[in-house]
Structures are given as structure tokens and as C-alpha cells.
Amino acid sequence: MFAALAVLAGVLCYRLKGEDAFIGALAGDLDLFMVLLPRMAAAMLMAGLVQVLLSPEFVARWVGGQSGVRGICIAGLAGILTPGGPMTSFPLVVAFHMSGADRGALVTYLTAWSLLGLQRMLVWEIPLMGTEFAFLRLLAGLALPIIAGLIARRLPFGPIGAKVEDA
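Numbering of the sequence shown is given in the numbering used here, commencing with residue 1 and proceeding in unit increments.
Keep in mind the hints are simulated off the structure, nothing from the lab.
Since we're looking at a predicted model, the values are computed, not measured.
C-beta atoms are modelled at their ideal positions from N, C-alpha and C, and glycine is treated no differently.
You may find that some hints are simply not true.
Stated by the list, open to error - Distance windows between CB atoms, simulated: (1) Pro56 - Trp124: 32 to 40 angstroms; (2) Ser114 - Phe135: 14 to 22 angstroms; (3) Gly10 - Thr131: 42 to 50 angstroms; (4) Arg15 - Arg70: 51 to 59 angstroms; (5) Gly68 - Met1: 21 to 29 angstroms; (6) Gly141 - Met1: 19 to 27 angstroms; (7) Gly141 - Ala4: 35 to 43 angstroms; (8) Leu150 - Arg15: 48 to 56 angstroms; (9) Phe90 - Leu150: 19 to 27 angstroms; (10) Pro127 - Ile160: 35 to 43 angstroms; (11) Gly10 - Pro38: 22 to 30 angstroms; (12) Phe58 - Ala4: 47 to 55 angstroms.
From just these sequences and the hints, can you work out the full model?
Structure follows, in C-alpha cells:
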């Protein structure tokens with residue numbers, strides 16, 4: 001689907017803006033790809049190493065389906081402490097999933113990472129908004145990842161990665 005949209009956008013760019021604009025867009029895409037390639041490679045390497053370092057038994061024990069609220073809280077803390085952008089967090093989520101983390105823990109991790117990330121708080125919020133506001137937002141949002149993870153455990157979806165007809 002995404003590839004079809006990319007081809008359609010390319011055809012429209014060529015038709016509406018001409019060959020020079022199309023070539024310029026491709027050159028910009030290549031530049032962006034070259035910037036992102038090392039980051040993607042590092043993220044995939046890190047995810048693979050995490051998968052090797054953390055045994056499935058370890059992951060299942062701490063953030064698996066039987067880990068209860070403790071597993072949700074551990075996943076939330078890990079999400080808060082994970083630095084970087086999506087190229088860091090999403091490969092880690094895939095590695096945790098493949099190592100036995102349940103969907104509640106994965107949802108908690110991503111929600112905590114996106115809402116409560118410590119790096120963002122230190123680099124952006126405290127310098128721009130002040131310590132009081134940063135902690136107000138942190139305290140106001142602290143329960144949200146836990147609630148999201150608990151809801152995810154209760155929703156009637158099949159296994160992660162299963163197609164709708166497989167569930």
C-alpha cells in the first residue's frame with residue numbers, strides 16, 4: 001500500500017511539476033535515506049543484541065503475560081528511560097515482543113516512551129517550560145501508560161502480528 005502511494009506521488013510529481021522537480025525530489029530522498037541508513041542499522045543491531053542478551057525466560061518473567069501490574073510498571077519505567085526517537089524504541093519493542101513480552105507491556109512501554117520520556121523532559125521541557133510545569137505534566141500523565149497497558153491486556157484481539165482472519 002505504501003509503495004503504491006509512493007509510486008502515485010512520484011507520477012503526480014513528474015506530471016504536475018516536471019522532470020526537474022521529480023529528479024530533485026529523488027535526490028532529496030536519496031540524501032534522507034543516506035542520513036537515516038546508519039541510524040536504522042544501529043537500531044536494528046541494538047534490537048538484535050537486546051534479543052540475544054535478554055533470554056525469553058527473563059523477558060517473560062519480568063514483562064510477560066503473567067507478570068501482572070509489576071510487568072506493566074517495569075515496561076513503563078523502561079519506556080520513560082529509553083532515549084532517542086522511533087528508530088530506537090520501535091526496534092526495541094519488536095525485540096521485546098519476539099522475546100516474550102506481552103501486548104500490555106509493549107503498549108505501556110510505547111505509551112510511556114512517547115508521553116513521559118526523560119530525555120525530552122530534560123532537553124526540552126525543563127529548559128523551555130520550567131521544572132514546575134515539567135513535573136506537573138509528569139505527575140498528571142504518570143498513570144496513563146499503566147492504564148493503556150492494562151486496557152491492552154483486556155482487549156479481545158488475537159496475538160500481535162496475526163491477521164484479523166487468523167485471530
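Hints and how they fare:
A C-beta distance of roughly 36 angstroms is found between proline 56 and tryptophan 124, which places it inside the suggested range of 32 to 40 angstroms. For the pair serine 114 and phenylalanine 135, the supplied restraint of 14 to 22 angstroms holds, since their beta-carbon distance comes to about 18 angstroms. The supplied range of 42 to 50 angstroms is met by glycine 10 and threonine 131, whose beta-carbon atoms lie about 48 angstroms from each other. Distance hint check: the CB atoms of arginine 15 and arginine 70 are about 57 angstroms apart, consistent with the given range 51 to 59 angstroms.
For the pair glycine 68 and methionine 1, the supplied restraint of 21 to 29 angstroms is violated, since their beta-carbon distance comes to about 38 angstroms. Distance hint check: the CB atoms of glycine 141 and methionine 1 are about 33 angstroms apart, inconsistent with the given range 19 to 27 angstroms. Against the hinted window of 35 to 43 angstroms, the Cβ-Cβ separation of glycine 141 and alanine 4 comes to about 38 angstroms, which satisfies the hint. For the hinted restraint 48 to 56 angstroms between leucine 150 and arginine 15, the CB-CB distance of approximately 50 angstroms keeps it satisfied.
A hinted range of 19 to 27 angstroms for the beta carbons of phenylalanine 90 and leucine 150 is consistent with their spacing of about 22 angstroms. The given range of 35 to 43 angstroms is respected by proline 127 and isoleucine 160, whose C-beta atoms sit roughly 37 angstroms from each other. For glycine 10 and proline 38, the Cβ-Cβ distance of about 25 angstroms falls inside the hinted range of 22 to 30 angstroms, so the restraint holds. Separated by about 41 angstroms at the C-beta atoms, phenylalanine 58 and alanine 4 break the suggested range of 47 to 55 angstroms.
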